[in-house]
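Student: Residue-level listing of the chains:
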Amino acid sequence: MKKLSISSKITRPFHKFLSAISLVSIFMLSNASTAQEPVRIAFMDPLSGTFASIGNTGRTILEFAVDYFYNSKGGILGGRMIEIVSLDNKQSPNETQLQFRRAVSEEIQIIFQGNSSAVASTLSQTISRHNRRNPGQEVLQINYSAVDPILTEDNCSFWHFRFDAHANMKLNVLTDFIAADPDISSMYIIGQDYSFGQVVSDTTIKLMNEKRPDIEIVGNEFHPIGQVKDFTPYVTKIVSSGADAVVTGNFGADMVSLARSIIDSGLDIPIYTFYAAYDGITATLGEGGKNKIRLIHNGVANPLPTEARKQFNRDFKIAHPNYDVTQPRIVNALQMVVAAMEETQSTDPYDVALALEDMRFTTMAGEEIWMRAQDHQIFQGLSVSVHTDEGVEFDADNSGWGLVTEYQVPLEETVVESSCQMRRPNR
Amino acid sequence: MLEVLIFATLNGLVTGFLLFMLASGLTLIFSMMGVLNFAHASFYMLGAYFAYSLSLYFGFWGGLIFAPLIVGALGALVERYGLRKVHASGHVAELVFTFGLAFLIEEAIQFFWGRDTKNYQTPDLLDFPLFTLFGQEFSAYRGFMMTISIVIFIALYYVLTKSRVGIIIQAAITHPQTVSNLGHNVPLIFMGVFGMGTALAGLAGVIAGPVLTTFPGMATVLGSIVFVIVVIGGLGSLAGAFIASLLIGLLQSYAIASDVGMPDLLNLFGISFDRSHPLNDLWTMNLPQIAPVLPYLLLVLVLIFRPTGLLGKREE
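Chains as they are written, first to last, in numbering that gives the first Met the number 0: chain A, 0 to 426; chain B, 0 to 315.
No lab work stands behind these hints, which were simulated from the structure alone.
Among the clues, some could well be false.
[What the hints assert, rightly or not] Pulled a few chain B residues facing chain A out of the computed Cβ check, cut under 10 Å: (1) D115; (2) Y119; (3) Q135; (4) P209; (5) F214; (6) I255.
On a predicted model such as this, the values are computed, not experimentally measured, just so you know.
The beta-carbon is built from N, C-alpha and C at its ideal position, and this holds for glycine as well.
Taking the hints into account, I'd like the entire structure generated from these sequences.
Tutor: As structure tokens, then:
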């Protein structure tokens with residue numbers, strides 16, 4: 000009787016409160032019993048629109064590497080799986096902000112992003128602001144491809160790590176390579192009109208003036224990114240300028256169209272690029288680009304240095320016959336992030352970031368790479384490779400054509416100074 | 000300088016004629032149905048992809064013949080079973096329908112063909128330089144593109160103005176009721192014109208695919224410019240579309256070829272700024288850099304000073 004009278008006294012709000020508590024406790028219990036919830040990593044890149052193919056390939060490589068190295072072997076951190084969440088930012092800074100909000104609302108703390116330095120800058124700023132205002136819910140940016148130097152120089156952030164050599168590092172090596180060619184006496188620079196294209200142009204001019212002041216820069220052209228239908232008018236200018244070589248930072252469709260227009264015009268001069276391979280580009284260039292197109296990139300192309308690296312390529316090809324391992328640096332980034340998690344036994348971005356700093360890691364290609372603590376920039380060997388069909392063990396686009404490394408620079412020689420004055424969070 | 004001028008003109012004409020192939024279909028469809036077909040450039044992209052796939056089995060020439068026919072048939076089906084039904088709900092519904100169709104086609108293409116660039120090449124038969132001027136080659140394929148476009152233009156002009164079918168079409172545009180009363184099947188004419196317009200877009204895609212590269216963004220790159228042409232030329236005016244196409248093709252080509260910019264203009268007045276000036280980007284801007292934006296600038300100017308377009312007749 001007593002009990003009944005008590006329960007009748009319990010008011011409605013209190014009922015609600017009780018049920019809420021029981022719900023929460025059930026939730027927490029279930030959480031505890033399935034402690035092996037996955038480690039979620041966002042992949043934020045263009046998965047639709049003009050540059051979708053690059054983003055799509057990157058995602059495929061990341062997902063494959065996750066299964067290959069970790070999920071198929073029982074996961075990380077004592078049995079947790081890694082789950083990749085794809086977020087399509089359409090390579091637009093605006094869309095990136097929206098997708099970042101989504102990542103935060105889904106409690107994702109690590110974001111892989113690579114395409115477009117403009118997007119990477121936006122993301123870096125957004126993340127820095129978010130992390131300052133939301134301690135305990137920080138997010139880490141793993142930049143595997145955006146190479147505007149500013150991201151690890153004046154605008155460096157504690158929460159941003161770059162796993163690709165930045166444009167100045169690459170251009171330093173590329174201009175060494177060009178300077179060594181006595182046949183070149185004039186040069187034409189053409190690029191997309193945005194931060195990265197501008198950096199390529201400015202740095203090339205500066206470095207060439209130091210290394211080979213006799214080489215004349217006969218053209219320095221910018222065109223809107225992803226807007227040019229036909230590059231023939233530009234090629235006309237290149238031809239009439241009498242240039243002996245072309246340097247471009249173009250990527251995606253802008254790269255293919257430019258290279259094809261140059262080839263179609265019958266102009267027989269070397270073209271030095273950052274991104275003229277894979278995603279249909281190699282197949283499209285084919286015979287016309289043989290020994291003409293060169294790329295500066297990190298790691299090495301054919302011949303691949305180790306059996307482990309070759310086996311990764313073969314297994315990837317079995318799983319995804321229509322894709323290529325275009326960016327092994329995505330795998331390096333993933334492996335280093337996981338190594339940092341294992342070392343600290345934590346997925347907290349702050350712990351992971353600290354562990355990543357100054358980490359030396361041996362990649363599947365057998366090369367030791369180094370993450371500098373000062374600016375969070377990776378250092379590894381750089382190569383200049385040529386588009387050819389000879390000696391290509393691993394081709395691109397299943398075309399028989401691919402890249403063969405011609406010139407290699409070891410890690411030590413790629414190290415450059417940084418102006419980064421990093422603001423570290425105080426914990 | 001002369002060689003730049005000659006090649007700029009040739010390039011401009013090639014682009015101009017190609018744009019006309021797209022714009023002609025778009026403007027014809029507009030004048031008949033009073034609706035802008037937002038999916039028009041998507042049919043252009045479909046043409047390139049169909050031709051690519053067909054070329055793997057039947058060679059380039061098979062693709063050239065069959066791809067436009069398939070695209071035209073698809074276009075006709077879209078009109079018959081899509082647009083005609085939506086038409087009852089008014090122009091806004093039609094507009095939204097074609098808008099959605101553009102997205103649908105782009106996604107479908109990525110679904111079936113993937114997102115990477117397709118290795119769609121020019122035929123071996125045309126893989127030689129037509130002529131070499133000042134050390135620069137003009138490829139035979141570009142000559143071929145130009146020839147096809149001119150033939151299409153002449154054929155279209157002849158059919159529309161001289162043939163019986165053309166007269167019926169023209170009559171159906173302005174007086175559909177009367178034409179219907181005379182015993183002609185007006186809906187069939189509409190379907191035919193829509194199919195023809197999309198087939199032309201498809202043909203443009205077939206011949207543009209190998210040189211402008213076949214990739215899922217190709218419709219977006221060309222789509223907006225085609226609308227600009229149709230508006231500048233005057234909505235519904237075929238001759239206007241022709242002039243505007245060449246005008247824009249040449250305008251862009253010359254702008255890229257030129258080397259003048261703000262610094263030259265400022266020098267004329269004896270003004271100069273150093274690089275650290277906050278408006279540095281503005282002072283160092285040059286014409287080639289803004290070339291792709293010029294058509295839109297022209298569009299704004301035309302809309303301000305001649306809202307009907309160059310040859311448009313607006314009936315209220």
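Student: Hints first: check each against the structure and report whether it holds.
Tutor: Verification of the hints:
With 10 Å as the threshold, the beta carbon of D115 of chain B comes within range of chain A, its nearest partner Cβ sitting at about 4 Å, so the hint holds. About 8 Å separates the beta-carbon of Y119 of chain B from the nearest beta-carbon of chain A, less than 10 Å, and the hint is met. Given hint, Q135 of chain B at the interface with chain A, holds; its Cβ is 4 Å from that chain's nearest Cβ, closer than 10 Å. Annotation: interface hint on P209 of chain B holds; nearest CB of chain A at approximately 9 Å, less than 10 Å.
About 5 Å separates the beta-carbon of F214 of chain B from the nearest beta-carbon of chain A, less than 10 Å, and the hint is met. With a least beta-carbon distance of about 4 Å to chain A, the hint placing I255 of chain B at the interface is held under the 10 Å criterion.
In summary, the structure agrees with every hint in the numbered list given earlier.
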